[in-house]
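A.B. asks: What follows is each chain in one-letter form.
2 protein chains.
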Amino acid sequence: MPVGTVGTVKGLSTEQVRQTGAQIILGNTYHLSLRPGDDLVARLGGLHSFMDWGGPILTDSGGFQIFSLAKLAKVSERGVSFRSHIDGRLLDLTPEHSMEIQQNLGSDIMMVLDHLPPLPSPAEVIKESCERTIRWAKRCKDFHADGAHSASQALFGIVQGGLDLKQRRHCADGLVDLDFAGYAIGGLSVGEPPPEMYRVTGGTTPFLPVERPRYLMGVGRPEDLLASIARGVDMFDCVMPTRNGRNGLAFTDAGPLKMRNQKHREDLRPLDENTPSPLRHLSRAYLRHLFMAREMLGPIALSLHNLAYYQNLMKRAREAIAADRFLDFCRERYLGWGRDPNEFLPTGL
Amino acid sequence: MPVGTVGTVKGLSTEQVRQTGAQIILGNTYHLSLRPGDDLVARLGGLHSFMDWGGPILTDSGGFQIFSLAKLAKVSERGVSFRSHIDGRLLDLTPEHSMEIQQNLGSDIMMVLDHLPPLPSPAEVIKESCERTIRWAKRCKDFHADGAHSASQALFGIVQGGLDLKQRRHCADGLVDLDFAGYAIGGLSVGEPPPEMYRVTGGTTPFLPVERPRYLMGVGRPEDLLASIARGVDMFDCVMPTRNGRNGLAFTDAGPLKMRNQKHREDLRPLDENTPSPLRHLSRAYLRHLFMAREMLGPIALSLHNLAYYQNLMKRAREAIAADRFLDFCRERYLGWGRDPNEFLPTGL
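Going down the list, the sequences are from chains A and B. Once you know that position 136 of the first sequence is 136 in this note's numbering, the rest is easy, because the numbers rise by one and skip nothing. Start counting at 1 in the second sequence, then tack on 1000, and there's your number in this note's numbering.
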C-alpha cells in the first residue's frame, strides 16, 4: 500500500497512483486528525471524496505516530496523551477516540489502537504492552460494533510482543479470540536487525488465521517483502518507495540506483523497461539532470517508478504463488538484487 | 507558452502539460547551457527527446537571464561576459555562441541575442543598445544561415528600444530589413507600469509584418495578455501561471484566488468548472489543505490549473477574433475580473 500521510501520496495525483497498479492506499489517522481534522473531512464527505481516491483506504490507529512523532507521549489504561508535533497542543487518544476518528475519515479498513513498547524493553514492559493491546483492541471492537459504521468498515487487530515469540503468540491468541476481519503484526521494522524481524514474523503468522489478511506494518525493502511473504504475510505498507524516490533512489531488478550518480550522466536507457510506471520512458540521463537541478519532476518520476516497481513485484509474487514456484521466484530475485537468498528465506523449505 | 526553464515545466510531466492544451513550450538557453550543458543535450539527441516533449520548443537567447541572474555581466561589441549564478564560473556569450547553443538544444524557434538596457536608461544608452541589437541580430542570422540547421530551426529577431517609440520603430525597421521568421518585443515587463508596456507594445506592432508571428516576451497577467492581443501580439511566454500556482494563487474568470485563504476551508466547489485542467475535479477545500500541509500536490494542481486557464483564455480569444467579437470578449473578461476595460484596451476602437 502506498502511504498517503495527510490525504495525498506525496507529489502524485490519485490518477497517477492508480497507474502504478496500486489498489489500496494508507492514510495516517494521527496526521489527518491534526490537519485538516477528521471532523472537517467527515463534513466534506469522507477521505475518499476529499482526496479523490475511488479505491479502498486503510487508516492506521494513530498510535505509531504518537510514539514516534509526537512529544511527551504518556500512556495510561485510558489511552495516550501527547503534544502535537505541529503546534504543541496537548491532545489525547483513546481506543474509542481512534475509532471515532477513523469512522469520520470513512476508511475501508480501520486499525485498533495498540500499545507500542520501545525496543528493547524489559520482558515485563513487553508483557504489559501486550495485555493492554488486547484490552484496547476489545474496547475498539466494542465501540465499533455499536456504531452505524460497523458494516461498511472492517477492523483489524494488531499483534504486539516485541521480539519475544511467546508474547507474540499470547497477543495473537488474545486478538483471534476477539475475531477481527484481519490481523496486523506491529512493532517491527523499528530498528531491529532484519533477521530478527523475519524470525518474529515467521513466529507470529502461524497463530493468525490463514483465511484472514495478515498485514506486516511499515515494511519495507523489496527483499523484506519477499522474505515476509515467504512467512505468510499478505499485506504491507511503507513510505520507502515514495520517500526513497524523493531522495533520488530507484529500485530495480538489478538493485537500487542512486540517480545523482555521475555514471547516469549520458545513459539514455530507461530505469527499467518492465516496470509499468507512467513515466517509464524518461531516460536515466534526464532523471539525473532533474535531481542535479533540484527539479520537482525528479522526485515525482522516481516516486511513480518505485510504487510501480513495488506493485509489479507483488504482482509477480502472486503469479509465482499461483504457479507454485514462489520460492524459485524469490531465489531468482535475491540473486538479481545481488543478495544471498539464504539470508532471507526461511530454512527447511 | 509554458516555461520549462531547465528542461521541465516545474512539477509537471510533459503529458500533463499537453493535457492543459499547451502546444509549444519555452526552454531557457542560459539555464540549459549551464546545466546539464547544451553539448550533453545534443549528444543525447536534443531537447525534445531529452525531456520527452513531442511538440515545438522555443529557446530564448540567454541574454535576459545574463542581465537578470548572472553576476557582473559586461557587454562589449563582441558579446557579454558574466559569471554563472550556480558556481561563479567566468563565461561569455556572443551572438554566434547563442546560436550554437540553441542549435545544440535543437529548438524549433531560436531567438537572437539582444542587448537589454536597464530601465530607465539615458536616451543615448537606449539608442546604442538598439544599434547593437540590430548588429547582433545580423551576426546571429549570418551564423545560422551558414549552418546545417537553418532549414529546421526558425529564427526570430527581438525589438529593443526601452520606452522610446522612435527607438522601437528604428529597431523594428532594422530587424525587418534582415527578414526574420518572426519578431519579438523584448525589454518590457521589467518593472514599468502596465500602461507604459501597453503604449510601447501598441507603438511597436505596427512596424512588424502582420504575416509573421509577433511575440511579447515575459508577459504576463491574464489582463496583460488580452490588452496585448488587442495591440497585435500573437505569442507570449510567462512563468506567472506556474510560479504563482506554486505559491498558491489560482487564476479564474472571477479573478485570482489565494488558496491558503480560510474561506476555502469547507468549499467543495472546484476552482473553475470550465478550465480543462487534468485535476479540475479537486475541491477548493482539498487544495487549501494541500497548501496548508505544504504538500507537493498543491503546487502541482495549481500549476496545471493555471496553465489550463491561460491556454483556455487564449483559445477563447482566438474564437472571439474568428467570430469578429474580440473587443466584446475583452470587455466581458475585464468586467468578470473586476477590472475597468478602459484601463486595458486601446482607445479609439
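No wet-lab data here; the hints were simulated from the structure. One should not assume that every hint holds.
To be verified - Pairs of lysine-lysine residues, derived as DSS-like cross-links and limited to a Cα-Cα distance of at most 25 Å, are as follows:
| hint | chain 1 | residue 1 | chain 2 | residue 2 |
| --- | --- | --- | --- | --- |
| 1 | A | Lys258 | B | Lys1010 |
| 2 | B | Lys1258 | A | Lys10 |
| 3 | A | Lys166 | A | Lys138 |
| 4 | A | Lys10 | B | Lys1074 |
| 5 | A | Lys127 | A | Lys138 |
| 6 | A | Lys74 | A | Lys141 |
| 7 | A | Lys74 | A | Lys10 |
| 8 | B | Lys1127 | B | Lys1074 |
| 9 | B | Lys1258 | B | Lys1071 |
A.B. asks: All hints are to be evaluated individually against the structure, with a verdict given for each.
C.D. replies: Right, here's what the structure says about each hint:
{"no.": "1", "hint": "A:Lys258 x B:Lys1010", "verdict": "holds (22 Å)"}
{"no.": "2", "hint": "B:Lys1258 x A:Lys10", "verdict": "holds (22 Å)"}
{"no.": "3", "hint": "A:Lys166 x A:Lys138", "verdict": "holds (21 Å)"}
{"no.": "4", "hint": "A:Lys10 x B:Lys1074", "verdict": "violated (44 Å)"}
{"no.": "5", "hint": "A:Lys127 x A:Lys138", "verdict": "holds (17 Å)"}
{"no.": "6", "hint": "A:Lys74 x A:Lys141", "verdict": "holds (23 Å)"}
{"no.": "7", "hint": "A:Lys74 x A:Lys10", "verdict": "violated (30 Å)"}
{"no.": "8", "hint": "B:Lys1127 x B:Lys1074", "verdict": "holds (18 Å)"}
{"no.": "9", "hint": "B:Lys1258 x B:Lys1071", "verdict": "violated (34 Å)"}
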